[in-house]
Structures are given as structure tokens and as C-alpha cells.
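> Mind docking chain B on chain A? Use the hints.
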Amino acid sequence: MAVKNLLEAVRETLHDALARDERVFIMGEDVGARGNVFLITKDFLEEFGSDRILDTPLAEASIVGVAIGAAMAGLRPIAEIQFADFIYPAFNQIVGEAAKIRYRSAGGNTCPLVIRTPYGGGVGGALSHSVSIEALFYHVPGLKVLAPSTPADAKGLLNAAIEDDDPVLFLEHKKTYRLIKGEVPSGNHTVPIGKADIARAGRDLSVITYGLMRHFAVQAAEELIKDGIDVEVLDLRSIRPMDRDAILTTATKTRKVLIVHEDNKFGGVGAEISAIIAEEALFELDAPVRRLCGPDVPAMGYSKVYEDAFMPSPERIAAAMRDLAAF
Amino acid sequence: MAKVTMPQLGETVTEGTVGRWLKKKGEAIAKYEPLLEVETDKVASEIPSPFGGIVGEILVQEGDTVPVGAVVCEIIETGAGSAGGNAGAQTAAPSSHSTAGASSASAAAAAPSRISSAPPAQANGVRYSPAVRKLAREHQLDLGGLTGTGRAGRITARDVVKAVESGASVRLSPSASSAITSPSARPHGSAPSPSAAVIAHAGEDDTIIRLSPMRKTIAERMVQAATTIPHAWCMMEADVTELSRWRDREKAAFKAREGVNLTYLPIVVQAVCRALKENPLVNSAWGGDHVIQRKHVNVGIAIDVEEGLVVPVVRDADRLSLAGLAQSISELVDKARRRRLTMPDLSDGTITVDNTGALGNIASVPIINPPQAAIITMEAVVKRPWVVNDAIAIRSIMNLCLCLDHRVLDGAVASRFLSSVKKTLEAYP
Numbered sequence: 038m039a040v041k042n043l044l045e046a047v048r049e050t051l052h053d054a055l056a057r058d059e060r061v062f063i064m065g066e067d068v069g070a071r072g073n074v075f076l077i078t079k080d081f082l083e084e085f086g087s088d089r090i091l092d093t094p095l096a097e098a099s100i101v102g103v104a105i106g107a108a109m110a111g112l113r114p115i116a117e118i119q120f121a122d123f124i125y126p127a128f129n130q131i132v133g134e135a136a137k138i139r140y141r142s143a144g145g146n147t148c149p150l151v152i153r154t155p156y157g158g159g160v161g162g163a164l165s166h167s168v169s170i171e172a173l174f175y176h177v178p179g180l181k182v183l184a185p186s187t188p189a190d191a192k193g194l195l196n197a198a199i200e201d202d203d204p205v206l207f208l209e210h211k212k213t214y215r216l217i218k219g220e221v222p223s224g225n226h227t228v229p230i231g232k233a234d235i236a237r238a239g240r241d242l243s244v245i246t247y248g249l250m251r252h253f254a255v256q257a258a259e260e261l262i263k264d265g266i267d268v269e270v271l272d273l274r275s276i277r278p279m280d281r282d283a284i285l286t287t288a289t290k291t292r293k294v295l296i297v298h299e300d301n302k303f304g305g306v307g308a309e310i311s312a313i314i315a316e317e318a319l320f321e322l323d324a325p326v327r328r329l330c331g332p333d334v335p336a337m338g339y340s341k342v343y344e345d346a347f348m349p350s351p352e353r354i355a356a357a358m359r360d361l362a363a364f
Numbered sequence: 321m322a323k324v325t326m327p328q329l330g331e332t333v334t335e336g337t338v339g340r341w342l343k344k345k346g347e348a349i350a351k352y353e354p355l356l357e358v359e360t361d362k363v364a365s366e367i368p369s370p371f372g373g374i375v376g377e378i379l380v381q382e383g384d385t386v387p388v389g390a391v392v393c394e395i396i397e398t399g400a401g402s403a404g405g406n407a408g409a410q411t412a413a414p415s416s417h418s419t420a421g422a423s424s425a426s427a428a429a430a431a432p433s434r435i436s437s438a439p440p441a442q443a444n445g446v447r448y449s450p451a452v453r454k455l456a457r458e459h460q461l462d463l464g465g466l467t468g469t470g471r472a473g474r475i476t477a478r479d480v481v482k483a484v485e486s487g488a489s490v491r492l493s494p495s496a497s498s499a500i501t502s503p504s505a506r507p508h509g510s511a512p513s514p515s516a517a518v519i520a521h522a523g524e525d526d527t528i529i530r531l532s533p534m535r536k537t538i539a540e541r542m543v544q545a546a547t548t549i550p551h552a553w554c555m556m557e558a559d560v561t562e563l564s565r566w567r568d569r570e571k572a573a574f575k576a577r578e579g580v581n582l583t584y585l586p587i588v589v590q591a592v593c594r595a596l597k598e599n600p601l602v603n604s605a606w607g608g609d610h611v612i613q614r615k616h617v618n619v620g621i622a623i624d625v626e627e628g629l630v631v632p633v634v635r636d637a638d639r640l641s642l643a644g645l646a647q648s649i650s651e652l653v654d655k656a657r658r659r660r661l662t663m664p665d666l667s668d669g670t671i672t673v674d675n676t677g678a679l680g681n682i683a684s685v686p687i688i689n690p691p692q693a694a695i696i697t698m699e700a701v702v703k704r705p706w707v708v709n710d711a712i713a714i715r716s717i718m719n720l721c722l723c724l725d726h727r728v729l730d731g732a733v734a735s736r737f738l739s740s741v742k743k744t745l746e747a748y749p
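These protein sequence lines are chains A and B, in that order.
Just add 37 to the spot in the first sequence (first one is 1) and you have my numbering.
Just add 320 to the spot in the second sequence (first one is 1) and you have my numbering.
Extracted from the complex, chain A is given alone in its bound form (with noise of 0.2 Å):
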């Protein structure tokens, strides 16, 4: 298998989904002259042609609302937000629309839409270009979050998420683009939407993330294990739906769970693990769940003593962990 960058992977599992299936097309800001701000698309545009790589207005509903368009018309669109932190316009339309016409039509149309768009901070990207967004979307049934933190699960993903009949929300964590290298199966790879991966398996407790924050998570495990505390980390992958089987066999496993994401605390998919645990799994719990997550303030600041006090990094991490296991 050859090894890969995050980004290389998305790219190639793009570029094979266009040449394998004539449904599908990508539109979005940027994604067609300029091949998309990171060079995700780099060169499409030449390939495909313009009727499949669709550069767009600065008009996130819109992008969105052609693309649905086109879905339950029988085509696979894949959508670009240039930055999560602007999806929002686009929200009334994916919200509102595409998680909904499946339940709507009862069953009578699909909307198998994917969206895929950077998110997440530690790239210097201030106010607007590091937020996470998956605590607005993953509440609302009927639209499928994934969250995938390698580059073999952002090809697999990728590819289930083109597969789906419904609309799927494809988070891509901006620093582990070039960041985090891997080796990535060839062919048509997909991973199962809705299935947890342990990332590393251990006996003292539990550390449920996705993201960024799994790497983070299984440095700051590595750490650890050298004074005897053994680590299981569980990487969610999909959001929602969320693997509540893996979920309650680590923490019936481990009896301690720390939770570890890069978003706001107060009501975020944290806050949604803990109380899956606390409902099927209380009797099991050797100590309180733990949560680490981003403060609870309206964004992350430029400056990098502010981007530092938000992300959670791998020495606070490894202190929470210990202070669990101490417990």
C-alpha cells in the first residue's frame, strides 16, 4: 500500500469516484481554476470538464441547494464549503431540506449528497477558519456526520459517503491533512459508516475522541504507557451515527472514560457519549466520565497563546488521562 497524506488520499478517492461514476461532480468556491484552496482538486478541472467540476458564487445555500437539486435528481454531488466556519447560510438547506427528504417523501426520494468541507483549528486560521461544526449537525436525524482522522478512513469514508443514499456531512480536519500520514489501500476501499475504530487498545481506561484529537490522543498514550498506564483509545470516525456498542464495551472494559474533542464543551457530541454511558453503562463506571474539550468561548483567537488555550494538546491530554487513572 503506498502511504499517504490526508489530503492525497481525499484527492485520489475524488478523482476515482469521477472517473468510476458519471453521476457524480464536485461543486464549490474554488474548486474548479484554482483546484480548491488546498489543491485538493488540483487539475480537475482539465480532466473532468466544466460540467463536473462547477467553480460557484460565494453562496453557501445555494451550493447547497443545487446540490440537492441534483441528488434527488439521480446525480451524486459532491459539495465543497471552502471553510466550515462558513456553512452556515447553508444550513436552513441542509438542515431543513436535505436531512428531510427521505422522512418527507416517505421513502419516495433520496438525497445521496455529500458535503465535504476543512474544519477544526491549530493551522493559525483565526476566527473564521477553525471552527468545528459537528455539535450543530450531528443532533439532526436524518443527515450522517463523519469525522475521519487517517487517511486510509478518509478514503474509505469518502467512498461510503458517495455510496449513501441520503446526505452525509464529510468533516475534514485541516491539520491533519499534511499532518498525518498513512498507508492507503488502492481500489475502491470504503470503511462501514457508523463503526468505531480502536486506535488503541489498553486496559487502565478509555479515551473516545475522533479527529485531530485521536493522534493527539494515542501520542499522549504512548507517553504513558512508559510509567504502566495503559491507554485504549476509541476513535469514532462517524459522529453520528455514533458506535454505541464500541462505546459501552470500552467503558465496560476500561471502567474510566475521558472524553477528548476540540469543540466547545457545553453540548457538544461529548455530552452525548457521556450520557449513552451514564444510561446503559453506569454500573460498569469505576469513576466519573471525564470530558476535555475547547472552552466554551465564541471562537478561536490568531494569536497563538489563544489557538494554544483552545486546542487540547497532547501534554494536557496525557495530564487528564493521568488524573483518571489516578482516580
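None of these hints come from the bench; they were simulated from the model.
Careful, some of the hints might be misleading.
Here are a few chain B residues that sit away from chain A, every Cβ distance over 12 Å (derived from the structure) [what the hints assert, rightly or not]:
1. Arg471
2. Val481
3. Gly579
Ranges between beta-carbon positions, derived for each pair [what the hints assert, rightly or not]:
4. Lys344(B) x Asp264(A): 23 to 31 Å
5. Leu285(A) x Met663(B): 46 to 54 Å
6. Glu317(A) x Ala643(B): 55 to 63 Å
Here are the simulated DSS-like pairs of lysine-lysine, each with C-alpha atoms no more than 25 Å apart in a straight line [unchecked claim]:
7. Lys290(A) x Lys454(B)
8. Lys351(B) x Lys302(A)
9. Lys482(B) x Lys290(A)
10. Lys482(B) x Lys263(A)
11. Lys655(B) x Lys571(B)
Note that beta-carbon positions come from the ideal geometry of N, C-alpha and C, so glycine has one too.
For chain B alone, coordinates are given in the frame of chain A:
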């Protein structure tokens, strides 16, 4: 390791005397929880801990005087990163001294993200995690015999697993094992369940009657009331001869006019309302560290139904006429018999009237309906030889019994209240 120093208690004070340590070595302490008392020539003050953690070495003994700024004790901080991998090494001998009250207060004061430093799962081992309790129950293990390796000597699930694996288990007898879930392990403030009491075992020829939800509720509330409220009892005799005659004269007309029977119950409720106006403290509830005096007078009426006992409430009973009271009570009785009472019908009572006389009783000791502070009974009206103006007469007598929550009320106010009810009934109409 953080150091606690002798504080400067006043601008001119240069030294302080340790009066009393409020925490022992090895005990958990939350930030700002009282740690010691310091006496100066001017005052004695409680000193809050500047750190959260475990009390380490105590360096100044009670009665000793040291200069301001001298280290008096050490605190092992339990914040991020301090614990290290070897949890066992930091375990000081856990004290058996209960700090339940202090710890619950400190838990409320601590920052939510620092659960570890405030001990909701009690550090000195009196509270166990759900996993520990489950494992102990499964393996019939006496947790008292284990040494904990968790923070501040907490017994962890791993400790239990290890003990089971090593075979060094201290088995409990079946009855003793229930102690794990007995009242001492309950969260603060929840009602004791009937199962915590002595439990009888059925013989072969006994019949087992399953508990209806109502029976279960009655059982729980009675245990709660009887075990948590200090009851006191008093009784007065009311001469209701005139009232009885008036009622005999009026009842036919009343029925024709109002559509409901004129019984003694609404009359007593009316007398109770009047007595509450004169003694408003009786219309109160115990609030933990205060007494809540209720503005509304909502009188609960104890009603027997097939499955047990219900106490629906006549709201603002003090604002109703006798006919209004009779009407309301009649409706509640009807609803109770047809099982049509709703939660609002059963909520917010401030005192209860129990018509025990309807069943022929002449004296009873009722249990207070919490969170009320008093319950009054009206006993059977019985003709008795009675001394009136130094002569023996035959009079109709009704006993009135009152049980009071002695935390809220004392005998004097209770007697004034009861006496007022008696006077109203004797002066009727």
C-alpha cells in the same frame, strides 16, 4: 507538594497558635474547605485551605505557636499531572472520620471541571463507585478488608478484581452484604427505602401480597416520615354538643340547599383554618436549616380507598365558606373513590386533617405527611358523662389529636392551635 503557612490575622499580629486541626493527615480537602483553627491574642479564626488535595504532613501541633509565614502543613495537590503512575505510593492511611457534610458542601464550591479535587466519591472510603459495588456484590466481598490504591485510598474496581483473583476475599453473610446498599451508602437526602428495615420471611402457609404502587409509596413515605421527623403528640377533648344539635337541625336544609351532606369534616376543616390564622407557624414546613411558613392554607384530607390511603388537598381552604368546603371535600372523596385524582389534587398540602372518628376511634397517633409540620385528627363523637357547672351532664364529646414536627413546632404553640380548634367547635355555630 503545596505548603500551607501561618496566615497574618491582623496587621500587627506576628504569630499564631494552632487551636485545632479540622482535617487529619491523609484526609481529602477541597480548596477553601476549613483546614484548621488559628488563635491569636485577638481572635480565633477558621482558616480555609488554599489548595485542594490530600492533607500531608502536619508540622505544627495543636497548642503550638509559630511566627506568621511558618509552614504549618503540607497538602498533596490532586490537580492535573500530580498523581503519577504509582497511585499506591501516595496513599496515606485513610481516616474513618466521616466528612460527609463538609465534602458535599465543598463539592458544590469546587469548579465543575475539577471534580477530582472535590470528593463526590468520598475519599475516605465510605462511598464506592458503581463498578466497585457491583463487583463486591458479585463476589460477596467485604470491602472493609481491602486497601485502596486510588486517590486518597479510594478502593478502585481494579483493587476489587485483584482481591478476588488473589483469593483473599472476606466473604460476607447474605444479610451483611446488603449493608453495601444500606442507608450509609445512599446519596444524601434520599428517602430510606422500606427494604432497609427488618424484613420478614414468609412461611409455607402464609400468603404473599404483592405491593401495589400505592402501597409502595405509602410504605416509603411512612418510613421517611416516621424516621426523619421527630413526632410529638397531644390531645384535647371538645364538647361538641351544641354543634351536634345545630348539625341535626340544619342538615336536611343544607343538603337541599347545597346538594351535599353536612358532615363534621368541613366544620373541623373550617375550625382548623381559623386556628391557623391565629397560629400561622403551624402552617409550616421544615426546610433543612430553616422553617418555611406557608402563605396558602391547603388542607389535606385523608381518605380511605380500596388500595390504601390518599390525601387530596383542598386548596386555599381558608377562603372557602362551609358550603364551599363541603362541596370541595365531597368532590375530592368522589374523585378518590373513582381513582380520578390528579397530581395537582395531591400536591402542595400544608396541613392534614384525618377523620379517624369515622371508623370509631377515640384517640390516634397519626404520622405526619411530609413536608408538612402537623396532622390533626377528629375522633368519633361519643356521648359521655361530663362535668358542666359542677354537675354531671350527658354531652357529645369529640377528641382532637395533633402530631407535630418538633423541629418546627413546640408544645406551647401546638397546644394554642389545638385549643383554638376546640374553642371554635365548642362555640359553634
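> Which earlier hints turn out false for this structure, listed by number in ascending order?
1, 2 and 5
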